[in-house]
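Trainee: In order, the protein sequence lines correspond to chains A and B.
For this note's numbering, count along the first sequence from 1 and bump the result up by 142.
For this note's numbering, count along the second sequence from 1 and bump the result up by 3.
Hints should not be assumed to be uniformly reliable.
Stated by the list, open to error - Derived DSBU-like pairs (lysine-lysine); straight-line CA-CA distance at most 35 Å:
1. B:LYS112 / B:LYS137
2. B:LYS87 / A:LYS272
3. B:LYS220 / A:LYS272
4. A:LYS246 / A:LYS298
5. B:LYS142 / A:LYS272
It is worth saying that the hints were derived from the structure and are not from the lab.
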Amino acid sequence: MLRHAVFAACAVTVLAGQTWAEIAPADIVWQEGAIAQPLADQPGDPESGKKIMTTNALGNCVACHLIGTMPDVQFQGNIGPALDGAASRYTEAQLRGIVVDSKKTFEGTEMPAMYKTSGFIRPGNAYTGKAAPADLPPILSAQQIEDVVAYLLTLKE
Amino acid sequence: LGMTPALADPHPDAELVVNGEITIPTRGTAPAYLDGHLTELYSGWLFREDETRAMQMDDFDNPAMVFTDAGLEAWDTVEGTEGKSCATCHHEIESMAGVRAAMPKYNEKAGDLWSLEEYINACRTERMGAEKLKWNSDKMKAMTLALSIQSRGMPISVNIDGPSKPYWEQGREIYYTRYGQLEMSCANCHEDNWGNMIRADHLSQGHINAFPVYRLKDAGVVSIHQRFVGCVRDTRAETFEAGSPEFKALELYVASRGVGLAIEGAGVRP
């Protein structure tokens, strides 16, 4: 019974011989804007997180945020606040919530939801300008969210 | 780190004088119907680097002029089954001064809002017996460029009342809709964040007074609707098409946001 319930709430991914469970966007348990439970079984990897945050087609966080710990990354934007010290301002659960869907923390913010698959107006297929497929994937995967959160947690004042 | 806010603001005192003779105002007061969302208007030209701005100040340096010349030539060229050129009916192209500044415009006969491209095509198909030009074809851009420079320096003067009103309202609705997986509206970038940097891009107020523009990155001319397609696509959205009713309505609304600025076409952009 219990196992059943757990499986219903999780998408099971098998990759390179490993099996781990992911929490799908619709199954996230929110506490205000925060998410206590990691979305993937593997702990987040901050190095991978940094890559995701600076890659246009992935998180592209530097499009909008200055991050002082990445002096090598050119052309950082200033739409949002600088992320330095973010981990001193927010808990891990709050940071996870902000990356997954920042609008639950900052009403009406420009910041896109990185782990959300429905509720869009004219969603597209990535940056092709064409209509999205029916099973539109989130911008970042569960593991990628954990990696980004792991990097954010290094940003202490 | 990199950009200081001062660098990111529109240029404080640059003046746009083309060929040392055509002075084009690049700052203005926002129209009342923007309800204070913008107070001062700034042309996109003021947000560009010195070298890019300089290219737009001299027709010899402006890469769009090759296309403009092709448009001027087409004006006098007979095409189609009726043996006519544009000049047959309209004479000197200078007679078109002010036309681009009032586009898009409600067309009584068609009972629809028409962009400049549609006026051109109507004359071609109904009056010359020539084939329709594709919205983003080189020939169409050459003609819209040739017509736009006849209005250089003239104030934007679109009509948004009477039969134009519902189109304007539809355009405003589109302007504030947060499209795509990034859930961003035109206003999120060009109203809330002009002057800021989005990665390497210095956000302007997103006016269309400089269009068609020559884009150095694409080594080609970009039409108004092509720019709209690019901006909507960048929100991970399914775009509307160039020439669609949605983009024509948006064109009217965006043009009206620039009432207070003047026509610059042909602009130069990075």
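Trainee: The structure should be examined with respect to each hint, and the outcome stated for every one.
Mentor: Cross-check of the supplied hints:
With a CA separation close to 22 Å, the supplied pair B:LYS112 and B:LYS137 stays within the 35 Å bound. Annotation: proposed proximity of B:LYS87 to A:LYS272 is violated, straight-line Cα distance about 40 Å (limit 35 Å). Between the alpha carbons of B:LYS220 and A:LYS272 the distance comes to roughly 23 Å, so the proposed pair stays at or under 35 Å and holds. Using a Cα cut-off of 35 Å, the hinted pair A:LYS246 and A:LYS298 holds, with the two alpha carbons roughly 23 Å apart.
Distance restraint check for B:LYS142 and A:LYS272: the Cα-Cα separation of roughly 26 Å lies within the 35 Å cut-off, and the hinted pair is therefore satisfied.
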